[in-house]
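Trainee: Which chain is which? The protein sequence lines are A and B, in order. Under the working numbering, the first residue of the first sequence carries the number 1, and numbering increases by one thereafter. Under the working numbering, the first residue of the second sequence carries the number 1, and numbering increases by one thereafter.
Keep in mind that the hints were calculated from the coordinates and are not lab data. Being a predicted model, the structure only gives us computed values, none of them experimental. For every residue, glycine included, the Cβ atom is placed at its ideal position computed from N, Cα and C. Among the hints, erroneous ones may be present.
Far from chain A by the CB rule (all over 10 Å, computed), these chain B residues [as the list claims (entries may be wrong)]:
1. D113
2. S149
3. G258
4. R271
No more than 30 Å apart at the CA atoms, straight line, and that leaves these computed lysine-lysine pairs for BS3-like [to be verified]:
5. A:K227 x B:K65
6. B:K291 x B:K307
7. A:K227 x A:K125
8. A:K8 x A:K105
9. B:K152 x B:K307
10. A:K8 x B:K448
11. B:K270 x A:K199
12. A:K124 x A:K246
13. B:K152 x A:K8
14. B:K270 x A:K8
15. B:K206 x A:K227
16. B:K347 x A:K105
17. B:K152 x A:K124
18. B:K152 x A:K125
19. B:K206 x B:K554
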Amino acid sequence: MPDQTPEKMIRVEVTRRLTPEAEPVVERFAIPYRPNMNITSVLGEIALNPVTADGRATTPITYDSNCLEEICGSCAMLVNGRARTACSTLVDHLEQPIRLEPLTKFPIVRDLAVDRSVLFVNLKKVKAWVPVDGTYDLGPGPRQFPQVQEQLYPLSNCISCCICMEVCPQFNTSTNFVGAATIGQTKLFNNNPTGRVLKEERLRALAGDGGIHECGFAQNCIHACPKQLPLAEAISDTGREVVLQKIKDFFSL
Amino acid sequence: MAATPRIIVVGGGLAGLSAVTKIAEAGGSVDLFSIVPVKRSHSVCAQGGINAAKNLKGEGDDVLKHFDDTIYGGDFLADQTPVKAMTANGPAIIDLLDRMGVPFNRTPEGLLDFRRFGGTLYHRTAFAGATTGQQLLYALDELVRRHESEGKVTKYEGWEFLSAVLDTNGVCRGICAMDLRTMELRTFPADAVIICTGGIGAIFGKSTNSVVCTGSAQSAVYQQGATYANGEFIQVHPTAIPGEDKLRLMSESARGEGGRVWVPRDSNDKRDPNSIPETERFYFLEEWYPKYGNLVPRDVATRAIFKVVYENHMGIDGQPMVYLDLSHIDRATLDRKLGGILEIYEKFVGVDPRDHPMKIFPGMHYTMGGLWVDFNQQTNIPGLYAAGECDYSIHGANRLGANSLLSCINAGFAVGPRSMQYATSLAAQPGDGGHSAELQRQQLLNSKLINNQGDENPFRIWRDLGALMTQHATIIRYNAGLRQADAEIVKLQDRYKRVNLSDRSQWANTSFAFARQLENMLHLARVIVQGAELRDESRGAHYKPDFPERNDEKFLKTTMANFVDSAPRFTWAEVDTQFITPRPRRYDATA
Chain A
1 MPDQTPEKMI RVEVTRRLTP EAEPVVERFA IPYRPNMNIT SVLGEIALNP VTADGRATTP
61 ITYDSNCLEE ICGSCAMLVN GRARTACSTL VDHLEQPIRL EPLTKFPIVR DLAVDRSVLF
121 VNLKKVKAWV PVDGTYDLGP GPRQFPQVQE QLYPLSNCIS CCICMEVCPQ FNTSTNFVGA
181 ATIGQTKLFN NNPTGRVLKE ERLRALAGDG GIHECGFAQN CIHACPKQLP LAEAISDTGR
241 EVVLQKIKDF FSL
Chain B
1 MAATPRIIVV GGGLAGLSAV TKIAEAGGSV DLFSIVPVKR SHSVCAQGGI NAAKNLKGEG
61 DDVLKHFDDT IYGGDFLADQ TPVKAMTANG PAIIDLLDRM GVPFNRTPEG LLDFRRFGGT
121 LYHRTAFAGA TTGQQLLYAL DELVRRHESE GKVTKYEGWE FLSAVLDTNG VCRGICAMDL
181 RTMELRTFPA DAVIICTGGI GAIFGKSTNS VVCTGSAQSA VYQQGATYAN GEFIQVHPTA
241 IPGEDKLRLM SESARGEGGR VWVPRDSNDK RDPNSIPETE RFYFLEEWYP KYGNLVPRDV
301 ATRAIFKVVY ENHMGIDGQP MVYLDLSHID RATLDRKLGG ILEIYEKFVG VDPRDHPMKI
361 FPGMHYTMGG LWVDFNQQTN IPGLYAAGEC DYSIHGANRL GANSLLSCIN AGFAVGPRSM
421 QYATSLAAQP GDGGHSAELQ RQQLLNSKLI NNQGDENPFR IWRDLGALMT QHATIIRYNA
481 GLRQADAEIV KLQDRYKRVN LSDRSQWANT SFAFARQLEN MLHLARVIVQ GAELRDESRG
541 AHYKPDFPER NDEKFLKTTM ANFVDSAPRF TWAEVDTQFI TPRPRRYDAT A
């Protein structure tokens with residue numbers, strides 16, 4: 001007889017919905033443990049053997065993922081109640097049973113997949129781009145000192161995971177708040193030598209409904225951002241500029 | 001044709017977004033299809049940088065040297081005309097990206113900084129920290145968002161390409177795609193279709209690629225008659241972090257910034273790496289390749305690591321791993337230039353690579369082969385174009401690091417205007433252009449799959465395919481193994497016929513979409529292993545110990561695979577070598 005040492009198992013509870021309207025159901029799984037497993041590999045194991053802990057056949061779990069190295073922003077979900085990217089969340093660091101739930105502030109698609117397209121809509125509102133004349137050859141861009149690059153680069157690392165919005169108490173349907181990610185991108189483009197040309201339009205977009213004044217300075221976004229974006233500075237700097245813009249507009253300066 | 005040409009672009013990575021931009025600027029109308037929101041495309045994973053011979057370091061670099069390094073690095077298999085054009089366009093592409101706001105690292109004078117990369121002796125790689133692909137993709141994504149807000153681009157995110165729509169003359173007239181939420185099938189008309197669907201890593205199970213890089217779209221059009229070229233040329237990156245779910249890339253820029261690869265000279269040395277003195281470390285790349293050192297091309301570095309581990313039995317603690325060491329470089333420099341990749345290592349391994357050498361091993365990374373295209377990026381199917389990693393045209397037998405970002409953007413910029421030109425002189429389609437027939441064919445495939453009765457889990461078939469391909473078709477290849485792999489793939493295809501979807505629902509059914517991709521992966525896998533078996537030589541990334549030399553007389557040829565009677569059939573085409581005469585490729589030479 002081969003050695004029958006019981007395999008170490010990972011206990012997982014997944015909140016599932018078959019459709020956006022369906023009532024949530026919690027399914028429990030027991031997954032064979034291997035060192036260095038992350039949450040996406042746990043979900044992959046369930047797909048390989050879609051059977052619950054009590055032996056009932058079920059279906060693979062629907063969730064978003066792509067790069068699996070915390071750079072595409074797809075796999076944000078709640079892990080033990082905390083909004084995180086599933087790929088960079090390691091099983092060894094978690095209490096069990098591991099509870100997986102979808103983000104709560106976005107429309108459910110199915111199981112752990114949600115629709116975060118609101119961020120891309122917001123990025124259009126603030127014209128988060130550099131309005132180049134065209135993509136033909138116009139020679140080098142403007143010179144930029146490394147100190148400026150080092151200030152802008154961290155903001156450009158936003159992966160659009162929307163975790164800052166999930167954890168924000170002000171990001172809800174009654175405020176229409178755009179959330180920290182969009183404000184970070186506003187600062188990024190307002191400080192680009194060419195992107196600056198649209199600065200006033202961006203600030204006005206953040207002065208209206210759901211604008212920057214909705215921020216309640218809870219600062220949850222700063223602690224939750226997996227990329228440690230300098231969101232506090234982005235919000236306070238941009239907030240100040242929005243106020244100045246409002247004053248200028250009031251006096252038609 | 002319509003007053004405004006209507007072009008479909010499939011895939012929203014660097015190549016796709018570059019094509020979209022050019023078409024929108026030229027007044028065309030674009031429908032952009034992507035499985036994921038385009039900002040989450042696999043291009044974000046590119047780390048180290050983008051090559052262009054800007055010569056900002058006073059080294060006398062120029063575009064012809066970049067051209068020569070690329071051809072030589074690719075072991076002379078690449079057609080030279082498009083490579084010459086790409087390297088010539090490089091400096092202007094960097095300038096444009098700079099104007100678009102890509103936060104490239106700078107010199108104290110405010111100019112673009114450049115770093116070293118593999119396969120060249122020049123500082124030719126512009127970079128934004130170690131997240132260059134992410135920064136480039138975002139800049140193009142933002143530009144396309146602007147075109148979208150101006151009504152020139154319609155995005156179909158969350159749609160999967162299933163097939164091209166071909167008319168009775170075999171001309172491409174659109175695509176058939178599936179909405180990944182409603183599972184609805186639709187065909188979309190277009191004057192031209194551009195495939196920009198990237199890599200095929202999923203065929204190898206674990207790779208450095210993203211989940212969506214299955215090669216499914218390429219395989220689908222190959223099965224519809226498009227020629228697939230040089231499929232056997234697969235790049236295995238020398239430095240990846242082995243992982244449970246994927247192999248995470250550790251960028252070549254780590255070596256570009258001075259990272260050194262080594263193992264203890266004594267294979268029984270169990271000491272902490274930091275306490276092993278310099279003289280007791282075996283810097284094998286520096287000893288074996290004194291001129292290029294740690295910056296030999298990827299195929300060379302990968303084989304060297306493989307040799308150290310499996311022939312010399314010198315892997316760390318007897319494991320298939322070697323050290324990649326940055327700990328001699330000061331922290332501030334590392335954070336400024338490599339922060340992104342060091343964080344990845346820290347997060348996934350739990351060790352700070354600024355203090356401790358990283359443990360790495362080669363991992364499947366890139367396909368040099370892909371859809372065959374002419375010098376206008378058009379496949380052999382009229383109206384069907386391909387650009388980026390999914391096209392075969394630039395990298396020959398081995399891609400140089402930091403040439404992929406350039407090749408994707410360059411191909412996208414080329415294919416946009418050329419597809420527009422084609423569209424403006426396109427004759428009217430016969431009948432409905434093949435739309436209803438293709439929709440019916442795909443509906444039949446879908447209903448067959450969803451109702452299939454059997455006992456096979458598609459994810460298990462995939463896992464077996466990955467193990468098979470990694471064992472037989474990566475670093476070292478033997479004909480017996482390749483033949484065995486092909487026979488095993490045929491068995492997997494039989495198992496696929498008995499695939500049983502535990503999920504038969506018609507809403508956001510990811511295993512259903514995956515099963516469709518899997519069937520296409522299996523077909524492409526045969527192209528790879530059979531092409532490898534037929535090429536009895538060693539060239540670039542394709543290495544056969546039984547045929548260790550390059551054989552130009554017989555194999556300076558492009559492998560062309562066509563889908564005939566449900567299997568690949570091969571022919572070989574001449575390679576365009578009109579500018580640089582092939583010469584021996586010897587990175588160990590000291591002169």
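Trainee: Each hint: holds or not?
Mentor: Hints, verified against the model:
For B:D113, the shortest C-beta to C-beta distance to chain A comes to about 8 Å, within the 10 Å cut-off, and the non-interface label is violated. Not every CB of chain A lies more than 10 Å from the CB of B:S149, the least distance being 5 Å, so the non-interface label is violated. The beta carbon of B:G258 is kept farther than 10 Å from every beta carbon of chain A, the shortest such distance being approximately 19 Å. With a minimum CB-CB distance of about 23 Å to chain A, B:R271 clears the 10 Å threshold, and the non-interface call stands.
Distance hint between A:K227 and B:K65 is unfulfilled; the C-alpha atoms sit about 38 Å from each other, more than 30 Å. Restraint check for B:K291 and B:K307: satisfied, since their Cα atoms lie roughly 20 Å apart, inside the 30 Å limit. The straight-line distance between the Cα atoms of A:K227 and A:K125 is roughly 23 Å, inside the 30 Å bound, and the hint therefore holds. The suggested pairing of A:K8 with A:K105 is violated, with an alpha-carbon distance near 35 Å, which exceeds 30 Å.
Annotation: proposed proximity of B:K152 to B:K307 is violated, straight-line Cα distance about 53 Å (limit 30 Å). Proposed proximity of A:K8 and B:K448 is contradicted: the alpha carbons are some 39 Å apart, above 30 Å. A threshold of 30 Å between alpha carbons decides the hint, and for B:K270 with A:K199 the separation of about 59 Å lies outside it, so the pair is violated. Taken as a hint, the A:K124 and A:K246 pair is honoured in the structure, with Cα atoms around 21 Å apart against an allowance of 30 Å.
The suggested pairing of B:K152 with A:K8 is violated, with an alpha-carbon distance near 55 Å, which exceeds 30 Å. A hinted pair counts as satisfied when its Cα atoms are at most 30 Å apart, and B:K270 with A:K8 qualifies at roughly 29 Å. The hinted pair formed by B:K206 and A:K227 meets the criterion: a straight-line CA distance of about 25 Å does not exceed 30 Å. At most 30 Å may separate the alpha-carbon atoms for a hinted pair to count; B:K347 and A:K105 meet this at roughly 27 Å.
In summary, the hint linking B:K152 to A:K124 is supported, as the alpha carbons are separated by about 14 Å, within the 30 Å threshold. In summary, the hint linking B:K152 to A:K125 is supported, as the alpha carbons are separated by about 17 Å, within the 30 Å threshold. Annotation: proposed proximity of B:K206 to B:K554 is violated, straight-line Cα distance about 33 Å (limit 30 Å).
Of the numbered hints given earlier, the model fails hints 1, 2, 5, 8, 9, 10, 11, 13 and 19; all others are met.
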